[in-house]
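Colleague: Each chain, letter by letter, is given below.
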Amino acid sequence: MSRRTLLALLIAVLILVPAGYISYGYSQYSKVVSVPENASTATYVVINLPNGSFLSMTPREYANLTLHGFKPPAGSRGYLINVTGTLTGIPPVDVNLTMLAPYKRFTIVIGSPSVKVCSSNPAEFIGSCSERTAAVTEISALTSTLFKRYYYWQAIKQGMNNASAKQYAYEQTMRRYDIRYLSFLTKVDIGLGRLGNKNHLVVVLLGPAEGATKNVILIPRRGTIILEGRSDSTLRAEVALIEHILNFKWPQNTTKK
Amino acid sequence: MKVKKIAALVVGAAMVGATIGFASAQPTVPNIPKGFFVKNGQPNVKIVVGSQGAAMDVASAADIAVALGTLLYTEKNVSVTNTSVVVKQDTAYNPPNIPVFDNTYKGNYQVGENLANVPNWWNGGFDSNGNPIFNANFSSSAWAGGVFTNGWNVLVPSGIEWKSGNYWVDPNGNVHNANDVYLHYNIHIGKVELKQIAEDNVDFTNIDDFNTFTLVVDDVVANVSFSLNAYNASVYDPVLGEVGTTYTLSDLQPSGYSLYQSGVISGVTVGDTLNLFGKTVKILDIQNNSIEYGNDWGATYINAGTSKAFGNYTVKVLDIDVNQIKALLEISGPAGSWKITLNKGQTWTSPDNGIRVTLDDTFIGIGGTTSAEVSVQTNINYIQNGQEFIPGWIAEFGVQNDKLMWFALKNENQLTGNEINLFNTYIMKYSANIMEKQNPSNDKTYAAMSAYVTINPIKPQYTTQTLNVGDTLGGWTIDQITATPNPAQAAVVSKVTTPITVLDTEVMKEGLNKVDSNLILIGGPVVNSVTAALADKLGIPANYTGWKSKYGTGASSGVVLYKAQCPTIGGYGVVLVAGTDRQGTKAAAEALMEYLAGLH
Chain A
1 MSRRTLLALL IAVLILVPAG YISYGYSQYS KVVSVPENAS TATYVVINLP
51 NGSFLSMTPR EYANLTLHGF KPPAGSRGYL INVTGTLTGI PPVDVNLTML
101 APYKRFTIVI GSPSVKVCSS NPAEFIGSCS ERTAAVTEIS ALTSTLFKRY
151 YYWQAIKQGM NNASAKQYAY EQTMRRYDIR YLSFLTKVDI GLGRLGNKNH
201 LVVVLLGPAE GATKNVILIP RRGTIILEGR SDSTLRAEVA LIEHILNFKW
251 PQNTTKK
Chain B
258 MKVKKIAALV VGAAMVGATI GFASAQPTVP NIPKGFFVKN GQPNVKIVVG
308 SQGAAMDVAS AADIAVALGT LLYTEKNVSV TNTSVVVKQD TAYNPPNIPV
358 FDNTYKGNYQ VGENLANVPN WWNGGFDSNG NPIFNANFSS SAWAGGVFTN
408 GWNVLVPSGI EWKSGNYWVD PNGNVHNAND VYLHYNIHIG KVELKQIAED
458 NVDFTNIDDF NTFTLVVDDV VANVSFSLNA YNASVYDPVL GEVGTTYTLS
508 DLQPSGYSLY QSGVISGVTV GDTLNLFGKT VKILDIQNNS IEYGNDWGAT
558 YINAGTSKAF GNYTVKVLDI DVNQIKALLE ISGPAGSWKI TLNKGQTWTS
608 PDNGIRVTLD DTFIGIGGTT SAEVSVQTNI NYIQNGQEFI PGWIAEFGVQ
658 NDKLMWFALK NENQLTGNEI NLFNTYIMKY SANIMEKQNP SNDKTYAAMS
708 AYVTINPIKP QYTTQTLNVG DTLGGWTIDQ ITATPNPAQA AVVSKVTTPI
758 TVLDTEVMKE GLNKVDSNLI LIGGPVVNSV TAALADKLGI PANYTGWKSK
808 YGTGASSGVV LYKAQCPTIG GYGVVLVAGT DRQGTKAAAE ALMEYLAGLH
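Quick note, the sequences are listed as chains A and B, same order. The first sequence begins at 1 in my numbering and counts up by one. The second sequence begins at 258 in my numbering and counts up by one.
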């Protein structure tokens with residue numbers, strides 16, 4: 001074999017193979033975020049009340065409520081959101097399995113790099129910077145609250161006291177999370193399954209800036225949850241719907257200081 | 258190899274540069290108490306996101322949310338499987354009242370009966386056993402001259418809580434734990450004076466003059482002995498007769514038991530915790546004339562560069578010299594911040610006595626992390642023999658073999674008033690029930706009166722009991738437990754999710770007076786309308802030009818402000834995280850995140 005052939009082979013191995021791997025990953029990304037035909041879907045009505053709280057229910061429950069005389073207060077905004085899962089056949093169970101499972105890391109993908117314009121010129125952002133920020137903030141707080149529980153329990157099991165276990169859980173969480181934009185490499189990582197697997201939870205937010213066409217919470221595989229909304233306020237409603245499905249409540253009637 | 262070394266150096270230099278840059282640009286975070294963010298593990302705060310179309314760093318908001326999320330320990334709603342009701346009863350001990358006067362007729366009066374022979378009492382007389390007896394005239398009564406000097410003794414059961422590691426093994430080999438016991442205490446009230454009678458300012462023919470009296474109380478002592486006795490009782494079998502002996506630990510003799518051995522557990526030691534007349538006292542040290550108490554956090558490990566919170570105080574380990582076993586610590590608290598160097602075994606106490614830190618040891622972990630083992634005590638206070646323990650009440654105590662054997666409170670000065678507060682536990686008050694009637698035959702008005710000096714608990718002490726269907730309460734049986742919800746309303750309530758994140762417009766629409774939690778405001782007044790509405794109270798410029806001129810631009814424009822109580826939002830607190838631009842907001846967010854890390 002000539003030296004040229006060897007060199008060509010070497011180039012193929014060193015450049016073309018990784019490039020192929022990357023392009024394979026990128027091509028897989030669009031498959032991950034698209035709704036599979038055989039997936040199970042549950043539909044919810046989510047109403048954003050004027051005070052910032054959300055009312056989530058199935059269309060049948062909504063119909064029953066209206067029969068009992070319920071009317072959303074003036075200024076409310078309603079959303080019809082699908083929850084689609086491929087894990088168990090029961091979408092709300094998929095949401096529980098995905099959000100409540102223990103992970104080694106988690107990543108919140110807050111949107112395409114165009115989200116960065118929110119910090120310089122929000123008028124250029126396709127969508128609402130404030131609604132996107134609220135959605136990102138809520139899902140981040142929720143995910144970290146759930147994520148750190150396993151490290152807290154682990155510490156308690158190892159004999160740490162309550163305060164030390166909380167400190168341990170905090171430290172572990174802070175070194176195990178990532179906030180990322182939906183860049184080319186992020187898409188590759190999702191496509192290759194390096195983000196979004198049984199060890200690494202990924203939450204992806206896709207709004208109008210990312211070309212979203214549906215209102216759907218999609219769980220295409222273990223450790224991956226895609227929030228797609230035709231508006232950024234829908235993304236916020238989807239986070240509230242996840243909290244509803246998890247039966248998760250931030251306690252109310254808080255006290256001063 | 259050379260290229261690798263150069264690359265490593267470049268990366269290293271970049272890291273150092275980044276660290277220095279970050280440290281120099283990071284805004285200062287004021288001392289924000291943990292309770293602002295979290296109370297009892299539950300969120301005490303809402304994140305208010307600005308929506309006014311100006312710069313908003315989404316990633317920074319997410320970082321803050323992640324850090325905040327790690328602080329919160331919420332509990333899922335417990336699903337109801339069995340319905341039950343919880344009933345409560347005020348079980349605070351109500352001491353007997355001191356009788357003053359009673360001439361109300363208790364018998365079935367028959368015409369011609371001589372009331373002088375009726376075995377009622379009045380004029381507050383007592384026999385040698387302390388029982389009220391008849392006294393024909395006031396001057397020979399216990400209240401002669403309006404002053405009661407017989408002394409009134411009250412035994413308050415289960416009044417003092419004592420937590421310790423004590424236990425006793427009985428002759429049967431059974432272990433009796435005394436980890437958390439409640440001891441009785443005795444109150445002796447030496448003198449009670451009805452001031453107006455003592456000063457001869459009472460018209461004895463006018464019953465209205467007996468309606469109220471000012472009390473003058475003195476020589477009050479409340480004392481507790483820290484001692485538990487062993488009591489025993491025979492165990493009987495209905496067929497075999499006496500088959501053995503059972504033992505119990507108590508400060509008072511239980512019914513059916515005899516004293517087996519007194520003082521089997523005796524004396525409070527360092528490490529024990531007492532609830533003394535409403536004050537929780539964890540004993541740190543016992544001297545003959547002084548008891549040191551406070552919050553003992555024990556020994557804990559802190560890695561270099563990290564910090565740990567101890568109540569209102571934070572201990573940060575800045576540097577560790579493992580060879581010389583010394584550590585440089587930064588200690589922050591409400592009274593200030595101190596940098597100290599401690600050698601092994603050395604102890605430092607803050608000037609306000611708020612925190613005491615001892616360096617126990619230093620270590621290098623397997624991963625190369627250095628850590629310091631420190632023992633921490635906070636909120637250090639002293640009980641001095643003969644000095645005030647609670648306002649108006651002097652502490653006296655006895656110490657034997659480094660153990661606190663007894664503790665007493667004495668009133669500092671004579672207590673005067675219509676209501677007398679006894680060591681924040683009981684209220685003494687004169688109380689009269691006067692009945693008047695006109696005699697139709699002679700138009701004269703006759704009166705009868707029962708009067709006491711009452712001693713009532715200030716606060717109710719509720720004991721709760723959970724009852725299920727089939728349980729009995731006061732002769733009644735719980736047959737069923739019903740609830741009648743409004744279907745639509747109940748369904749709506751169960752389906753409402755209230756996020757921790759709200760938009761400024763939502764807060765403003767509801768009204769600032771409706772705010773029901775502390776607020777973290779993301780973004781300055783240009784971004785966030787809530788920040789703009791509170792700008793005056795927060796002392797910040799209300800527009801971009803003013804902000805830029807006050808704080809500049811870039812990372813150094815980042816600001817974290819804290820206001821503990823903001824009257825505009827019902828007294829709740831505010832933390833503002835803002836910057837003139839993205840770098841400023843990001844720097845402020847990073848500073849707040851680092852601060853949150855130290856709150857654990």
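Hints are computed from structural coordinates only; laboratory data are not their basis. Beta carbons are placed, not taken as given, at the ideal position from N, Cα and C, and that holds for glycine. Some hints here could point you the wrong way.
[Stated by the list, open to error] To be clear about the criterion: a stretch of chain A counts as covered by chain B if any three or more of its residues have a C-beta under 8 Å from a C-beta of chain B, and this derived list gives those stretches: (1) 5-17; (2) 25-31; (3) 53-60; (4) 76-85.
[To be verified] Cut-off 25 Å, straight-line C-alpha distance, at most; resulting in silico cross-link-like pairs (SDA-like, lysine to any residue): (5) B/K843 - A/P73; (6) B/K448 - B/N434; (7) B/K291 - A/L80; (8) A/K116 - B/G555; (9) B/K805 - A/A101; (10) B/K536 - B/N458; (11) B/K345 - B/N681; (12) B/K716 - B/V413; (13) A/K157 - B/G827; (14) B/K601 - A/M160; (15) B/K771 - A/N162; (16) B/K573 - A/N162; (17) B/K420 - A/N161; (18) A/K157 - B/N410; (19) A/K116 - B/K573; (20) B/K805 - A/S112; (21) B/K752 - A/H200; (22) B/K291 - A/E124; (23) B/K291 - A/G69; (24) A/K249 - A/G75; (25) A/K116 - B/M850; (26) B/K291 - A/S76; (27) B/K667 - B/Q840; (28) B/K291 - B/G827; (29) B/K766 - A/A155; (30) B/K752 - A/N161; (31) A/K116 - B/K752; (32) B/K752 - A/G69; (33) A/K71 - B/S786; (34) B/K291 - A/Q154; (35) B/K752 - A/M160; (36) B/K766 - A/S53; (37) B/K686 - B/K291; (38) B/K805 - A/N162.
Colleague: Each of the hints needs a verdict: does it hold here or not?
Modeller: Now for the hints, and whether the structure bears them out:
Counting residues of the stretch 5-17 of chain A whose CB falls under 8 Å from any CB of chain B gives 0; the rule of at least 3 is not met. By the rule of at least three residues with a Cβ nearer than 8 Å to a Cβ of chain B, the coverage given for the stretch 25-31 of chain A is violated, with 0 such residues. Here's how the stretch 53-60 of chain A fares: 5 of its residues keep a CB closer than 8 Å to some CB of chain B, so the rule of at least three is met and the hint holds. Closer than 8 Å: that is the beta-carbon criterion, and the stretch 76-85 of chain A has 0 residues meeting it against chain B, so the requirement of 3 is violated.
A C-alpha spacing of about 37 Å is found between B/K843 and A/P73, which places the hinted pair above 25 Å, so the restraint is violated. In summary, the hint linking B/K448 to B/N434 is not supported, as the alpha carbons are separated by about 40 Å, beyond the 25 Å threshold. A distance of roughly 39 Å separates the Cα atoms of B/K291 and A/L80; the hinted pair therefore is violated under the 25 Å criterion. Pair hint A/K116 plus B/G555 does not hold up; C-alpha atoms about 47 Å apart against a cutoff of 25 Å.
Between B/K805 and A/A101, the direct Cα distance comes to roughly 46 Å. Violation of the 25 Å bound is thereby established for this hinted pair. Under the criterion of a C-alpha separation no larger than 25 Å, the hint pairing B/K536 with B/N458 is inconsistent with the structure, at around 40 Å. For the suggested pair B/K345 and B/N681, the alpha carbons sit about 23 Å apart, so the restraint of at most 25 Å is met. For the suggested pair B/K716 and B/V413, the alpha carbons sit about 15 Å apart, so the restraint of at most 25 Å is met.
Simply put, A/K157 and B/G827 have alpha-carbon atoms about 42 Å apart, too far for the 25 Å limit, and the pair is violated. Under the criterion of a C-alpha separation no larger than 25 Å, the hint pairing B/K601 with A/M160 is consistent with the structure, at around 24 Å. The hinted pair formed by B/K771 and A/N162 fails the criterion: a straight-line CA distance of about 34 Å is larger than 25 Å. A hinted pair counts as satisfied when its Cα atoms are at most 25 Å apart, and B/K573 with A/N162 qualifies at roughly 19 Å.
The hinted pair formed by B/K420 and A/N161 meets the criterion: a straight-line CA distance of about 19 Å does not exceed 25 Å. For a cut-off of 25 Å, the pair hint linking A/K157 to B/N410 is broken: about 52 Å separates their Cα positions. Distance restraint check for A/K116 and B/K573: the Cα-Cα separation of roughly 35 Å exceeds the 25 Å cut-off, and the hinted pair is therefore not satisfied. For the proposed pair B/K805 and A/S112, the alpha carbon gap of about 30 Å is over 25 Å, so the pair is violated.
For a cut-off of 25 Å, the pair hint linking B/K752 to A/H200 is broken: about 30 Å separates their Cα positions. With a CA separation close to 38 Å, the supplied pair B/K291 and A/E124 exceeds the 25 Å bound. Among the hinted pairs, B/K291 with A/G69 is inconsistent with the structure: their alpha-carbon atoms are about 44 Å apart, more than 25 Å. About 23 Å separates the Cα atoms of A/K249 and A/G75, which keeps this hinted pair within 25 Å; it holds.
About 20 Å separates the Cα atoms of A/K116 and B/M850, which keeps this hinted pair within 25 Å; it holds. Using a Cα cut-off of 25 Å, the hinted pair B/K291 and A/S76 is violated, with the two alpha carbons roughly 35 Å apart. Restraint check for B/K667 and B/Q840: the C-alpha separation of about 62 Å exceeds 25 Å, so the hint is violated. At most 25 Å may separate the alpha-carbon atoms for a hinted pair to count; B/K291 and B/G827 meet this at roughly 20 Å.
At most 25 Å may separate the alpha-carbon atoms for a hinted pair to count; B/K766 and A/A155 exceed this at roughly 43 Å. With a C-alpha separation of about 36 Å, the suggested pair B/K752 and A/N161 falls outside the 25 Å cut-off, and the hint is violated. Between A/K116 and B/K752, the direct Cα distance comes to roughly 34 Å. Violation of the 25 Å bound is thereby established for this hinted pair. For the given pair, B/K752 sits about 16 Å from A/G69 by alpha-carbon distance, which is consistent with the 25 Å threshold.
Taking the CA atoms of A/K71 and B/S786, the gap is about 29 Å. The hint is violated against a cut of 25 Å. Of the pairs offered as hints, the one joining B/K291 and A/Q154 holds, with about 24 Å between alpha carbons and a cut-off of 25 Å not exceeded. A C-alpha spacing of about 37 Å is found between B/K752 and A/M160, which places the hinted pair above 25 Å, so the restraint is violated. Between B/K766 and A/S53 the CA atoms are separated by roughly 13 Å; this keeps the pair inside 25 Å, and the hint holds.
As the CA atoms of B/K686 and B/K291 are separated by approximately 42 Å, the hinted pair breaks the 25 Å bound. Only pairs whose Cα atoms come within 25 Å are accepted, and B/K805 paired with A/N162 is rejected, the gap being roughly 44 Å.
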